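**Q** As you go down the protein sequences, you meet chains A and B in turn.
Its first residue numbered 10, the first sequence is counted upward by one per residue in our numbering.
Its first residue numbered 196, the second sequence is counted upward by one per residue in our numbering.
Please note that a few of the clues may not be correct.
Derived BS3-like pairs (lysine-lysine); straight-line CA-CA distance at most 27 Å [to be verified]:
1) B:LYS311 <-> A:LYS197
2) B:LYS311 <-> B:LYS369
3) A:LYS197 <-> B:LYS309
For the record, the hints were derived by calculation from the structure and aren't laboratory data.
Everything numeric in this text was worked out from a predicted model, so none of it was measured.
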Amino acid sequence: MSVTDLLTQRPRRESDDRDARTSDVIALTTPVPRGRRRRRWHVPRLLRRTVGPLIVLGVWQLACSLGVFTSFEVASPVAVFDAARQLWAEGVLQPNLLISLQRVAEGLGLGTAIGLTFAVISGLFWVGEDLLDPVIQAARAVPILGLVPLAIIWFGVGEVPKVFLIALGSTFAVYINTFAGIRGVDSKLVEAGQTFGLSRWGLVRRVILPGALPNFLVGLRLALVGCWLIVIVAEEINAQSGIGYLIMQAQTTGRTDIMMMGLAIYALLGILADAFVRLLERRLLTWRRGYAGA
Amino acid sequence: MRRRQESAPVVSAEGFAVIATNVRRRFNDREVLRDVNLTIEGDEFVALLGRSGTGKSTLLRILGGLDTEYEGDVLVPERRAVVFQEARLIPWQRVLANVLLGLRPGEDGAGALKAKGLDALGEVELAEHARDWPLTLSGGEAQRVALARALVREPQLMLLDEPFGALDALTRIKMHALLQRLCERHRPAVLLVTHDVDEALLLADRAVVLVDGAISLDVRIDLERPRDRGDAAFVELRHRLLRELGVEERPPRSTVAPSEASEADFETTRLATTSPGRRRSDDPTPPPTI
Ligand SMILES: Nc1ncnc2c1ncn2[C@@H]1O[C@H](COP(=O)(O)OP(=O)(O)OP(=O)(O)O)[C@@H](O)[C@H]1O
Ligand SMILES: [Mg+2]
């Protein structure tokens with residue numbers, strides 16, 4: 010139906026017969042929520058998320074090609090990529106990448122497990138909170154990197170101190186967020202669970218823990234960021250392998266391209282880890298109908 | 196119908212779903228329930244009226260076992276179910292799982308339990324939403340799921356705390372019909388907390404009014420069903436209840452009420468425990484609103 014049809018078909022009213030309308034002319038627009046424009050073309054999300062990094066890469070490459078930096082100061086993206094290809098071909102990159110990944114996986118796994126366990130204990134039991142929470146809050150205030158010398162004394166120079174530091178670097182974010190999530194579960198839902206005969210364990214499993222899941226995932230994302238930070242330091246101090254070790258070696262030989270390749274790998278892994286948690290969120294939190302962003 | 200004859204505490208509670216005597220509840224020295232005495236028979240539908248903040252929800256929570264910090268004696272059946280003002284569905288459990296919340300499969304297995312849940316959802320006409328997430332339901336649908344969740348337990352006592360308060364008028368009319376149908380089929384004892392005098396008069400066998408921490412009026416609603424809001428006896432009862440709630444001061448006009456619609460027709464039990472300080476209907480203060 011056209012607008013004209015619509016206007017002529019509507020039931021007549023008295024004022025239609027009059028020559029002049031009594032009301033002023035009103036400007037009409039298509040309704041759209043404030044602060045948000047209707048999207049006219051749809052761009053896949055993955056593409057949208059890669060545009061920003063691609064621009065950064067382009068500017069970086071351009072600056073290097075134009076000679077803004079010397080190749081000793083800043084290696085161009087192409088040089089960094091070449092370095093990676095070369096190290097891969099020599100078989101140097103793979104084992105070091107693998108060992109770094111293994112350390113993160115172990116440290117993060119351990120840190121998450123500990124943070125989650127403590128959060129559940131503190132979150133569910135008042136005694137647990139009274140005993141654990143002050144200790145954890147105090148421990149959290151200690152700068153982890155200050156622990157490096159101690160960790161070496163305690164655990165020697167093998168894998169253990171590295172995993173220990175990474176675990177420590179990820180555990181607090183998980184603890185704090187999960188604890189807040191458990192305490193933030195709507196008491197009305199807990200009450201509903203109780204009236205309908207959920208056991209204490211049923212309540213924890215069906216209501217409280219799922220309710221804290223969104224916060225746990227936020228904690229996990231923060232933990233992922235935190236643990237990559239620790240990996241660099243742990244591997245640059247006293248290590249014979251890993252990406253951090255490659256960076257340290259490159260420093261002694263003045264290979265800026267390799268140093269930047271190491272950093273680029275950290276960045277890539279960080280993005281992948283974040284994407285993984287996003288995927289997890291999408292799978293686990295399908296029940297949410299939250300604001301998805303404009 | 197049986198009536199309680201004796202005033203001494205009943206030991207043999209045959210036929211009763213609720214026996215609450217001398218119930219008191221205070222919050223930090225503020226006495227919300229002063230002295231509540233209430234019985235509900237096994238198949239009786241009782242509406243609990245009262246102004247906002249008089250302690251209706253408090254009483255309902257005590258009967259539901261959600262509040263144990265009271266004084267007095269309360270006897271209720273084991274199989275109870277509550278429907279709250281908000282549906283209180285668990286957002287991360289699908290609709291069917293919400294209905295079956297806390298139920299364990301019997302000897303006939305998980306399949307039978309699931310079938311029972313689907314039946315209950317069918318009764319509230321939501322069977323096709325069994326696999327949906329609660330947050331995708333409309334307000335009325337969510338409240339119907341809450342009703343199904345209560346029904347599937349085959350409760351001997353249903354406690355409804357303003358379950359339709361948040362719904363629009365049209366949905367509320369449908370919900371009234373639904374609730375009536377379900378109650379006729381399952382015959383639980385029902386305590387319905389409401390602000391809405393008409394809702395009470397449409398649905399309940401009996402209305403009790405809570406004023407100043409005690410039940411000040413207990414009136415039987417012997418109107419034929421389906422009930423008609425325009426019916427003279429209905430109007431008369433509405434005026435009485437509104438007066439008791441302190442909303443309306445003047446008696447109803449005689450043009451509406453037939454001469455025989457007197458107190459005696461409604462089998463009134465005015466309980467003796469109201470305080471002397473309670474406002475009387477001839478008190479000249481202007482009508483407050485609830
Ligand atoms: N946990 C609590 N702590 C302190 N005071 C409370 C608590 N629960 C209820 N009260 C008080 O008791 C009084 C009665 O509350 P209640 O919720 O029973 O009222 P109500 O009759 O259900 O009112 P409404 O019709 O508005 O729902 C209120 O004044 C309220 O502030
Ligand atoms: Mg209430």
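**Q** What hints, given by number in increasing order, does this structure fail?
**A** none
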